[in-house]
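There are 2 protein chains.
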Amino acid sequence: MSLLREASSRLWSIRSSEQVALAKRAAQITAELQQGVTRPYKNVIDCSWGDPHREGLNPLTFVRQVVAACLYPSLLTSEVLPVDVQLRAKGLLGECGGGSVGSYTSTAGIPKIVQSVSEFISQRDGAVPSSPENIFITLGSQRSLMMVLKIFVKNEGTIQTGVLSPVPSYPYFNMALSMQGGVMVPYHLCEEQGWKLKVDELSRALHAARGHCNPMALYVINPGNPTGQVQSRKSIEDVIRFAAEEKLFLLADEVYQDSVHDPKCEFVSYKKVLFEMGPPFSSSVELASFNSISKGYFGECGLRGGYVEFVNLDPTVMGHVYTLFSMDNCAAVLGQIILDIMAHPPQPGDPSYPTFSEEVRAIQDTLASNVQRVQTVLGSLPGISCQPIKGGIFAFPQLHIPPCAIQQAKEAGMEPDVFYASRLLEETGLCVGAGSEHGQSEGTHHIRLCIATPTENMEEVLNRLSTFHLSFRSHFS
Amino acid sequence: MSLLREASSRLWSIRSSEQVALAKRAAQITAELQQGVTRPYKNVIDCSWGDPHREGLNPLTFVRQVVAACLYPSLLTSEVLPVDVQLRAKGLLGECGGGSVGSYTSTAGIPKIVQSVSEFISQRDGAVPSSPENIFITLGSQRSLMMVLKIFVKNEGTIQTGVLSPVPSYPYFNMALSMQGGVMVPYHLCEEQGWKLKVDELSRALHAARGHCNPMALYVINPGNPTGQVQSRKSIEDVIRFAAEEKLFLLADEVYQDSVHDPKCEFVSYKKVLFEMGPPFSSSVELASFNSISKGYFGECGLRGGYVEFVNLDPTVMGHVYTLFSMDNCAAVLGQIILDIMAHPPQPGDPSYPTFSEEVRAIQDTLASNVQRVQTVLGSLPGISCQPIKGGIFAFPQLHIPPCAIQQAKEAGMEPDVFYASRLLEETGLCVGAGSEHGQSEGTHHIRLCIATPTENMEEVLNRLSTFHLSFRSHFS
Numbered sequence: 001m002s003l004l005r006e007a008s009s010r011l012w013s014i015r016s017s018e019q020v021a022l023a024k025r026a027a028q029i030t031a032e033l034q035q036g037v038t039r040p041y042k043n044v045i046d047c048s049w050g051d052p053h054r055e056g057l058n059p060l061t062f063v064r065q066v067v068a069a070c071l072y073p074s075l076l077t078s079e080v081l082p083v084d085v086q087l088r089a090k091g092l093l094g095e096c097g098g099g100s101v102g103s104y105t106s107t108a109g110i111p112k113i114v115q116s117v118s119e120f121i122s123q124r125d126g127a128v129p130s131s132p133e134n135i136f137i138t139l140g141s142q143r144s145l146m147m148v149l150k151i152f153v154k155n156e157g158t159i160q161t162g163v164l165s166p167v168p169s170y171p172y173f174n175m176a177l178s179m180q181g182g183v184m185v186p187y188h189l190c191e192e193q194g195w196k197l198k199v200d201e202l203s204r205a206l207h208a209a210r211g212h213c214n215p216m217a218l219y220v221i222n223p224g225n226p227t228g229q230v231q232s233r234k235s236i237e238d239v240i241r242f243a244a245e246e247k248l249f250l251l252a253d254e255v256y257q258d259s260v261h262d263p264k265c266e267f268v269s270y271k272k273v274l275f276e277m278g279p280p281f282s283s284s285v286e287l288a289s290f291n292s293i294s295k296g297y298f299g300e301c302g303l304r305g306g307y308v309e310f311v312n313l314d315p316t317v318m319g320h321v322y323t324l325f326s327m328d329n330c331a332a333v334l335g336q337i338i339l340d341i342m343a344h345p346p347q348p349g350d351p352s353y354p355t356f357s358e359e360v361r362a363i364q365d366t367l368a369s370n371v372q373r374v375q376t377v378l379g380s381l382p383g384i385s386c387q388p389i390k391g392g393i394f395a396f397p398q399l400h401i402p403p404c405a406i407q408q409a410k411e412a413g414m415e416p417d418v419f420y421a422s423r424l425l426e427e428t429g430l431c432v433g434a435g436s437e438h439g440q441s442e443g444t445h446h447i448r449l450c451i452a453t454p455t456e457n458m459e460e461v462l463n464r465l466s467t468f469h470l471s472f473r474s475h476f477s
Numbered sequence: 001m002s003l004l005r006e007a008s009s010r011l012w013s014i015r016s017s018e019q020v021a022l023a024k025r026a027a028q029i030t031a032e033l034q035q036g037v038t039r040p041y042k043n044v045i046d047c048s049w050g051d052p053h054r055e056g057l058n059p060l061t062f063v064r065q066v067v068a069a070c071l072y073p074s075l076l077t078s079e080v081l082p083v084d085v086q087l088r089a090k091g092l093l094g095e096c097g098g099g100s101v102g103s104y105t106s107t108a109g110i111p112k113i114v115q116s117v118s119e120f121i122s123q124r125d126g127a128v129p130s131s132p133e134n135i136f137i138t139l140g141s142q143r144s145l146m147m148v149l150k151i152f153v154k155n156e157g158t159i160q161t162g163v164l165s166p167v168p169s170y171p172y173f174n175m176a177l178s179m180q181g182g183v184m185v186p187y188h189l190c191e192e193q194g195w196k197l198k199v200d201e202l203s204r205a206l207h208a209a210r211g212h213c214n215p216m217a218l219y220v221i222n223p224g225n226p227t228g229q230v231q232s233r234k235s236i237e238d239v240i241r242f243a244a245e246e247k248l249f250l251l252a253d254e255v256y257q258d259s260v261h262d263p264k265c266e267f268v269s270y271k272k273v274l275f276e277m278g279p280p281f282s283s284s285v286e287l288a289s290f291n292s293i294s295k296g297y298f299g300e301c302g303l304r305g306g307y308v309e310f311v312n313l314d315p316t317v318m319g320h321v322y323t324l325f326s327m328d329n330c331a332a333v334l335g336q337i338i339l340d341i342m343a344h345p346p347q348p349g350d351p352s353y354p355t356f357s358e359e360v361r362a363i364q365d366t367l368a369s370n371v372q373r374v375q376t377v378l379g380s381l382p383g384i385s386c387q388p389i390k391g392g393i394f395a396f397p398q399l400h401i402p403p404c405a406i407q408q409a410k411e412a413g414m415e416p417d418v419f420y421a422s423r424l425l426e427e428t429g430l431c432v433g434a435g436s437e438h439g440q441s442e443g444t445h446h447i448r449l450c451i452a453t454p455t456e457n458m459e460e461v462l463n464r465l466s467t468f469h470l471s472f473r474s475h476f477s
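So the protein lines, in turn, are chains X and F.
Heads up: the first sequence begins at 1 in full-length UniProt numbering, then just goes up one per residue.
Heads up: the second sequence begins at 1 in full-length UniProt numbering, then just goes up one per residue.
Hints listed in this document are in silico derivations from the structure and should not be mistaken for laboratory results.
No incorrect hints appear here.
Here are some chain X residues the structure puts well away from chain F; computed CB gaps all over 10 Å:
(1) Glu18
(2) Thr38
(3) Ser122
(4) Glu191
(5) Asp200
(6) His207
(7) Ala209
(8) Ser235
(9) Lys264
(10) Ser283
(11) Glu359
(12) Cys386
(13) Glu460
(14) Leu462
(15) Thr467
(16) Phe472
Computed beta-carbon distance windows for the label pairs:
(17) Pro315/F with Pro263/X: 49 to 59 Å
(18) Val37/X with Thr77/F: 29 to 39 Å
(19) Ala27/F with Asn43/X: 45 to 55 Å
(20) Pro403/X with Thr77/F: 53 to 63 Å
(21) Pro315/F with Leu33/X: 27 to 37 Å
(22) Ala23/F with Lys247/X: 30 to 40 Å
(23) Thr38/X with Thr77/F: 34 to 44 Å
(24) Gly91/F with Lys42/X: 15 to 25 Å
(25) Glu79/X with Pro348/F: 28 to 38 Å
(26) Gly278/F with Asp314/X: 55 to 65 Å
(27) Glu79/X with Thr38/F: 36 to 46 Å
(28) Gly91/F with Thr355/X: 22 to 32 Å
(29) Gln34/X with Glu358/F: 33 to 43 Å
(30) Gly443/X with Thr77/F: 53 to 63 Å
Simulated crosslink set (EDC-like; lysine to aspartate or glutamate; CA at most 20 Å straight-line):
(31) Lys42/F with Glu427/F
(32) Lys42/X with Glu460/X
(33) Lys234/X with Glu191/X
(34) Lys196/F with Asp262/F
(35) Lys410/X with Glu442/X
(36) Lys247/F with Glu237/F
(37) Lys112/X with Glu32/F
(38) Lys24/X with Glu133/F
(39) Lys24/X with Glu427/X
(40) Lys24/F with Glu427/F
Quick caveat, the model's predicted, so the values are computed rather than measured.
For glycine and all other residues, C-beta sits at the position ideal for the given N, C-alpha and C.
Make the full structure from the sequences, and use the hints.
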């Protein structure tokens, strides 16, 4: 018997092992295909991740040129790179210890880049002030979320810290909360109303939780993951009012802020709304807002970078935050550099501007066109309904699974949506996420598809899904 | 009153605020010098970090070329890079999702690189078997240590989990342990015997702790930080025997494994010794061994990368480990790529071999010569004694501080070594680490200097330190 077996047993149950099993099976089928095994499809298409480059979108040239030059400064003396790339790289290297991206940085990040991020936020929010002291660059927004949870999730005492978290949600957040010893207080987004966040549901969830745990915070994802809704200013105001009344810390996951596809919607940050509401809200509601280089048109998941901005935190708490973040030493320097580019992209007149703006527009156009195609194709299929995808990089359609398929899933010990996703993978080589991984209202079933992929790949995904879906329904009807 | 103030107050006391104050003061003086303030020195030299590039050592050309090519594959078609760089980069890109280093990887790392690391370990250990399933690539060894602590440090119940940890030590480890809710059980390295790790001291520490906490693990650092000792095979055997008898999990921090300066010493890994001891040890003692790209001749602190190898963990626990590491999504891809180079550096006959081997030898020679100079110069000063620096990248000399200086430090509310370091900084612009940050035996005082720096910088450090030290002694005698 291992020394550790008992001590760590609490952890294993947190993860949905069914999604892990799907991913493993996808890898296995890929290996078999490579070994020459014959199947009715040539390759596996995995759209279960939110990983734009894996799905075939290209990195931005300016980003990669600047980072490559910072890594290997000999490139600065060659003709290979445009002059604005060289200037940017030289400037950034001057901010690195010993002029090398291989040096540690300050805990919160390279001061110049933290300043850039602060200017970016202020500009985004129509001149709402932003202070570099409140910003920490991190190893990605997932890491930021975990750090912030450590601030207020208590492990002592008999009553657990609760955090209101949406259903459906970003599953890592709930895992992180659970590992930290906290408990998720689920509130349901209203699917029939385009996954709207409703304050009466927040209130129901909060009051149901009180007594069982100590709810201290409210986690919101805007634009939604996996649900694709974009909150209106009015909706954000209502949520802020609720957080103020109930003394909840607001955790605003805004990593899809540059991915809004519906021209009638715009992204408005929680911070902007909070400030524009004025006192007492603007001076009292505690907020952490998260952003990342992994999403939007950057898509640099593998380079790990993000930031968190805190609002209205007590200076003593900010001291604790500093201590907490210092435990990671510092964020990866190249992720920091990409944040600098996100904050200050090439401007008209710069040599790299034409290519940069064209690449960004191409990605935005691809996403917008994928959204249209997904909605058209899914809308035409019987037994599937999909709320409008206004933002983000996912579709999260509801499946109306025939009762005898549900029965067969039960007999196989599987969630019905995992049963569906598993057969979809076996029969067509298409790997999607199962709704049960994200949470869904009792009796409903969903799948999650990443839409950040080239048009032709999206078409192939929709073809495989349509063909399978019709055959599945006919088989089980 | 902030919502969070009370909840997070436990955290703030963990960090030595005195070291933070020294670093802040160094930054302030640097800024003042840049603004034209006149002082008896032109610049601040900060040798309080263990950050080779910041100290002026250069990154390895092959490493930077491969990583730059992976980031910006257009370089692969140019004449700028040697052919072995191009081949390596192409091979590594083929292992990345969508051929981009911007994609997430598997939780444990890119499988091909995990395999490389496993081969490296096996080769290092004279063919002791290593299995890729037991290796996780991480965001650096500090992150690995934190993750591993999560496995067995319990936050529930009334008795805290204890971990035996050396004095002096790597302070982040003790901070991480404390944040996790565990408690450090200090064992003292024997300074008079070259910072030897003695089993009777481990035994004393363990028995003193039992009843107060539940000691579950033993943390060792070999080669030592900040103490520079290199453990003999015999010493490691004794420690393993002790861990087996007392059922302690062994945490072997071996990040300085390629930095052994004394030709009479060699680095032997805990895993190698464990396997060569045979059963019952080789099949029962639980071990985690840590390595990093931040140390040795790579020195790539800012790119964040390391790995941990587990030995003899129960398969159920390994499942929990997988879940824990999946919380970080994956390690930074470029850090992973550098681990691949660490595992399989250029070989004789490769175009990059001459430069690579020359750069590595130059760094090793610089460190060896710095060790000689530090020992010669400090050995000649009254009131300083320094144990032999056999490995690692630090000197940790003991200061014999005059009683009236100790008295004055007390009156200023400072530790005597912080008082010394603070005056050293003010008077000469040299910033060193204070021994109290690392822990030291009652009544002794030390400073920590990084020796991973170019020769001329080391000379300047020693000049400033010698001049100050003599004047300090004469002032307070």
